[in-house]
Amino acid sequence: MQKPDVIVIGAGGGGAVIAKELGELGLQVLVLEAGPWYGNKKWPHPNIEPGGVSSSCPNDLDVVLFKENYNKLENNMNDQISGKLRWGPADREHPPWNRSYHQRGFVWQNSGVGGTTQHYLANSPRAFPASIDRSWPLTYSELTPYYEKVEAELPVEFAPTTSKEELFYFGAKKAGWNLLPTLDVKTPGYRPQPNAILPPNSQLLNPSYSEEQLSWMEGCTLAGHCINGCPHGPSVAKIAKRSTNVSYVPSALQTGNIEVQPNTFSYKIITENHPAEGVRAIGVKARNTWTGEQEELFADCIVAAAGAIETPRLWLNSALPVNKWAGRGLVNHQMDMVTGIFNEKDLLSILGSPSVNPYVGHTSGARLDYPGLGSIQTIGTSPGLMASFTYALGKSRTKESAHNPIQKGRVRGEDLIELMADYKSSLNILICTDDEVDRRNGVSVSAAASDENGPIPSIRYTPTTNTLRKKQQLVKIAADILLQAGARKVVHSDWPDGMMIHMMSTMRMGYVVDQNCESYQVSRLFIADNSVLNNGLGSANPTLTTQVLATRTAKQIYKKYF
Amino acid sequence: MITSACYPICPYSTQINFKAVVDTLIPSSIMAYQSGWTFQYGGVDLCTWEYLMMSFDSLPTPLANKTSHLLDVAAFFIYKEYGHSSFSPCEGLFSTLSRKDRFVALDYLLNLQIPPGMLPVPYRNDPVLIQITVDSIYQLTYFGYYSEWYGYGETRCNPPSFRHLCTYPISWSYTGYPGPSFGYRDFRGYLLNMQNLKSE
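Chains as they are written, first to last, in the working numbering: chain A, 1 to 562; chain B, 1001 to 1200.
Next comes chain A alone, as it looks inside the complex (with noise of 0.2 Å):
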C-alpha cells in the first residue's frame, strides 16, 4: 500500500471494527498488529517460520488453516506462557510480553488478529444507560444507533438455553428475581447472555447429520468452546462465535482498502509541530516481531487500537504532551468466581439430566444484571481453566465449615481432587463489579524493565472500599443463587483484586480524549479500544461499546479529515 490515509495499530476488538467502517468510506487503511494472524494462507505455519509480510485479500482466508490452528485443545490455546492465543510474538518458542504489577493478580489478553476477542466469550450486553449518562461527554440515547448498527452486524442474538443456563434461571427465579426482557438495564432482574454468537443451526437436533457435518454448517453446535476458540463454522467469515478475525476482518477486507500486516510491534507515535494543527500525529514506528527490523510508516491520521494496557504505554513511551489521566483511571470490574456443587439427583429433578455438564453450550450463556453494583455472569469451562481459575487463585484459605455451605477461598490437595471429580455437576458464575474510577489506578511505564519495544507497562490498582461493598453484596447474591437452585456445597474463590479480564478507562473520554476519541493534545490521533471509555460501564462487558465507539470515531475521522 502506498501511503494510506490511516494507520490502525491492534487487530483487536476496536482496531479491525474501524479499519472496516474506514475502508467502508473509501479510505486506504493499514493496520498494524504485533501478533499472529491464524486461518490465513500467507501464514500456512503462522508459529514457526515468518510467513508473508501483510494481507488485502479476502480469498487469503482459509478456513482448513483456521480449523488446524483453533484445535480447541486448553493448553495449547490457552497457556498463558506459550499458548497460540497469549500476549506474545507469534514464535511460541520466546516468552510473553512482560508486565509488571504493583499487587497479586496478572493481565489476560491475547496479541494476534482478533486480538482478546479470539478467545473472549463474546458477551455483548450494552453498556447500563445510568452509568453513561452520569458522567460521559456522550448521553445513551446518543449511542443507541450505533448499538443497533453492531449488534446487527456482528450479529449479537440471546444466548440459548442449555442446561447450566437452566439451573442458573431455575435459582434466580426461586430466588424472586424478575426476567429482564430488554436490552437497556434499568432495573435488576436476570437474562439471557446477548452474545456475539451466531444461533444454532437449525439441524442441531436432526440425528441425521453428524456433529461433525454440523461444525462444517452455519451456526453455533453448543460445543462449549468460546474460551478455547471456536473453530465452528463453513468459512472464516461464517465462524459461529464473531471475534474480530471471523466477524469485522473479513469485512474489512472485502472492501477492497485495507491492508492487515500481522507481526508488527508498534512501539511509537510519531508527531510533528504543525502551525495551524499544534502537535499532531504523522505516523508510527514498528518492529517485526520475527526479524526484529525496524519501519516508520506514514499517514494522515493514526488511531491507537491497542488495548488499555498498550495503548497508554504507547503514549507515555513517545513522549507525547503530558496529561494527567493518561494511563490512570483503569477498572477491571473487580472480578471474582462463585461456584455451585450439586448433586446428581438434584439435577434430575430440576433438568432431567444428573450434570450440569459446564463443557456444553455458550461459554458464559445467562447473566445478572443490578445497575448500581454490578452483574453476574454463569461459566462454563474446560476442566484445566475450570480448576486453574476456580480452585487456584483464592486471596485466603479459609477451612470449610459443616455448618456453612459458603466456603471461601484457595482449595487444594485432597480438597481439590474431589471438588474437581464433581467437575461435571458443578455451575461457575463470575462476579463483574461496578468499580468505581480512581485516578490513583493505571498503567505507567517501568522505569526500571524494558522490552524490545521499550519500557515495559508497570500496572497499578487498588479498589476503593465501595467497590469492594458492591462485590461482596454480588457475591451474597450469586452464593444465594446456587443454594436456592440446591448446591450442596458453594465455593466462593476469593480472586485477588489485580485480576486483569476487562482492562478499561486508561485514556479516558472527556480527559484524554474528546467524545469522537481524538486527542486533545495531538490531533489525528484517535483511540479506539476499551482505553477511552469513560468507566467501566455499569460493569457490562467492555466490548460491544468499544466497537459502538470505533465505529462512531470511523465516521468522525472520516468527517474532519478527508
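Quick caveat, the hints were computed from the structure, so don't treat them as lab data. Here a beta-carbon is modelled for each residue, glycine too, at the ideal position from N, C-alpha and C. Hints are all accurate, no fakes.
Between beta-carbon pairs, the in silico distance windows are:
no. : chain 1 : residue 1 : chain 2 : residue 2 : range
1   : A       : Gln254    : B       : Pro1127   : 46 to 56 Å
2   : B       : Ser1035   : A       : Trp290    : 47 to 57 Å
3   : A       : Ser135    : B       : Gly1189   : 30 to 40 Å
4   : B       : Met1118   : A       : Pro188    : 48 to 58 Å
5   : B       : Arg1185   : A       : Asp346    : 17 to 27 Å
6   : A       : Val53     : B       : Ile1170   : 35 to 45 Å
7   : B       : Asn1196   : A       : Glu24     : 26 to 36 Å
8   : A       : Lys173    : B       : Arg1185   : 18 to 28 Å
9   : A       : Asp451    : B       : Ser1035   : 47 to 57 Å
10  : B       : Ile1030   : A       : Thr182    : 44 to 54 Å
11  : B       : Arg1185   : A       : Phe170    : 17 to 27 Å
Okay, the calculated bits of chain A under chain B, using three or more residues with CB under 8 Å as the criterion:
no. : stretch
12  : 102-111
13  : 419-428
Each computed DSBU-like pair below joins lysine-lysine, with the alpha-carbon atoms no more than 35 Å apart:
no. : chain 1 : residue 1 : chain 2 : residue 2
14  : A       : Lys555    : A       : Lys324
15  : A       : Lys408    : B       : Lys1080
16  : B       : Lys1080   : A       : Lys395
17  : B       : Lys1066   : A       : Lys408
18  : A       : Lys345    : A       : Lys408
19  : A       : Lys476    : B       : Lys1100
20  : A       : Lys408    : A       : Lys424
21  : A       : Lys395    : B       : Lys1100
22  : B       : Lys1066   : A       : Lys395
23  : A       : Lys268    : A       : Lys559
24  : B       : Lys1100   : A       : Lys489
25  : A       : Lys408    : B       : Lys1100
26  : B       : Lys1100   : A       : Lys424
27  : A       : Lys559    : A       : Lys238
Position chain B relative to chain A; hints supplied.
Just chain B now, kept in the frame of chain A:
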C-alpha cells in the same frame, strides 16, 4: 505411570522441589465410590512438575531455579521454627518437608511471613513478585494437571508448536470431561430472542 524426565535442564534440587510442590497440591489418592474405589494418579505421576518447571523457565526472566531457592528458604524458616537451627538453606530442602509443612511453607510465602531480606534475588524485598509466584505455582499446577498436557506424551516438552496428543490425557477421566467436541445437542430453546424485542 512415571516416565523419564523430558525436561532435565534444571538441577536435580530444582526437580525434586518441583516434584514436592505438585505432590502437595495434587497428591496421588484413592477415590472411593459406592461401587468401589479407584487409584488416582497425582501431579508427580502425570509429570506436572515438568510442566511447572518448563513454564517458569519460559517466562521473560527464567525463574525455575530461583523459585526452587525461594521454596528452600521457606523450608529453612520452618526448620528454624522447629528449633533445627543447624540447618542452612541448602538446595532441595523444601522437598524434605512433610506435605503438611510444604503447605505451611507456601502459606508463609504468600502471607509474607518470611523476612524479605532472606530471600534470593529477584524475590528479595519484592513482596508482590513472591505472591504472584506462589499464585502461579498453584495456577500452573492445576492447569497443567487438568488440561491435555500429559496427553502429549513424549512430545510434551517439545517446543509448543511441536507437541501432539499421543495418548489419552488421563486427568480428563478424573473429571468426566470428554475432550474437545464438534457439538452437543443439549438445546433447550430460547428464553428471549432479539427479534421479539425489536418487534416490541
